[in-house]
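S.K.: What follows is the residue order along each chain.
Number of protein chains: 2
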Amino acid sequence: MAKFYGIGVGPGDPELITIKAVKTLQYVDIIICPEAKKDKDSIALNIVRQYLKENTEIIFLTFPMTHDKEAVTSKALENSVVIKNEIDKGKNIGFITIGDPMVFSTYINLLPHLKSKGIQIETIPGITSFCAVAGRVNIPLCTKEETLGILPLMKDCFSLDKMLDDYDNLVIMKPSHDSAKMADILEAKGYSNKFVLVSKCGTEEEEICYDIDRLRKEKVHYLSTLIVKQSKV
Amino acid sequence: MAKFYGIGVGPGDPELITIKAVKTLQYVDIIICPEAKKDKDSIALNIVRQYLKENTEIIFLTFPMTHDKEAVTSKALENSVVIKNEIDKGKNIGFITIGDPMVFSTYINLLPHLKSKGIQIETIPGITSFCAVAGRVNIPLCTKEETLGILPLMKDCFSLDKMLDDYDNLVIMKPSHDSAKMADILEAKGYSNKFVLVSKCGTEEEEICYDIDRLRKEKVHYLSTLIVKQSKV
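Chains as they are written, first to last, in the working numbering: chain S, 1 to 233; chain R, 1 to 233.
No incorrect hints appear here.
To list a few chain R residues with every Cβ distance to chain S over 10 Å, as calculated:
| hint | residue |
| --- | --- |
| 1 | 46 |
| 2 | 64 |
| 3 | 81 |
| 4 | 85 |
| 5 | 189 |
| 6 | 211 |
| 7 | 216 |
Calculated pairs, DSS-like style, for lysine-lysine (alpha carbon to alpha carbon, straight line, at most 25 Å):
| hint | chain 1 | residue 1 | chain 2 | residue 2 |
| --- | --- | --- | --- | --- |
| 8 | R | 23 | S | 23 |
| 9 | R | 229 | S | 115 |
| 10 | S | 23 | S | 91 |
| 11 | R | 232 | S | 117 |
| 12 | S | 144 | R | 69 |
| 13 | R | 162 | S | 229 |
| 14 | S | 174 | R | 144 |
| 15 | S | 75 | R | 144 |
| 16 | R | 229 | S | 144 |
| 17 | R | 232 | R | 217 |
| 18 | S | 229 | S | 144 |
| 19 | R | 162 | R | 174 |
| 20 | S | 144 | R | 181 |
It is worth saying that the hints were derived from the structure and are not from the lab.
A virtual CB, placed ideally from N, CA and C, is assigned to each residue, including glycine.
For reference, chain S alone in the conformation it holds in the complex (with noise of 0.2 Å):
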């Protein structure tokens, strides 16, 4: 029987991707690109292009990012139909997320549409972009009996002064949804020199601050990383 896979193509630099990845990028018939809009353009199909077999036949599935939970289940259920059909047809699927699968991705939408088809599902990791940001500035997530919280910035910027208390490191997934508003908090609360950003990390156009006034002020890209300290960055 053909099988569905998971593939993590991790954060941006087409080598921070593992080697089962592209043992199995190499082994598919198909590979399946998530799209947010149809637009064709898909940041994980640049990092995994290089590694494709000529012959690869490449499907964009659009999965809308909003809040209406309701079309995201009956696109999500969409497209696991057009999924069921090919893995029928005896094709091998590989779809690609950035990052890690199980990390904040489209991919999670999908599973329990392809578990209830008994479709069979292996997942392969991927780096994820904190693991990355972190290595890129050589500043730890966590050592010892530190927690660390990863938590994705919403656009009221819930729950960032709470977990800001709680924890002693602190990841903050998608700082582009209200990046002046977290500033403040992050000033209020006195992290202003304990916080580092990254933006397209690992990529030619890669940026990285500490500034605090900048990070108010400037507009922060979608594919960016905070990470707080309780410690000096």
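Once you've looked at the hints, dock chain R against the given chain S.
M.R.: Chain R alone, transformed into the frame defined by chain S:
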């Protein structure tokens, strides 16, 4: 000038290492294996052995696992002198750590000493145990607006109660420290069927456990990771 590379070698499966890590392993002159005690047996070395050149020099350095901070610091300092001497001889060095170098590793103890000696450092991220485990059992770590807490289990299960209340998803690292007490807390707080424990993930001796009684009674291997969800797994 020669350079020092901190290399994440992933959770255990030799294919769950990045292309960049493999290229670096093949480039360096010396591989440093940290070990808790002098026994010349290293999980990290077993993972990477197949990727090394024949003439790569291997140096074992002891990093004691103890709560005695002074002993940890003085040994890390001593080890950094060994490294500096090799760098001064023009040798490129790769320091291997299982998982990711910035998540609970001895590499973190070494970093400040390397920085203060002006050694050029590059960190190469690795697949964390928790991403590998989540992928292995196809259980998401966090999605949409959820938070993820990562907690190393200490002997007294300190802060586990509170983190179970505060987090949408929780990863418990080093659950072998007191797995029986941890099982009691999970059961008391209603998480008996909301966890999964994976030991030696991706190896031939891998074990997966969803059973609270087994968790309470059986010895948990050092290389284990536990995921707790707010929903049934």
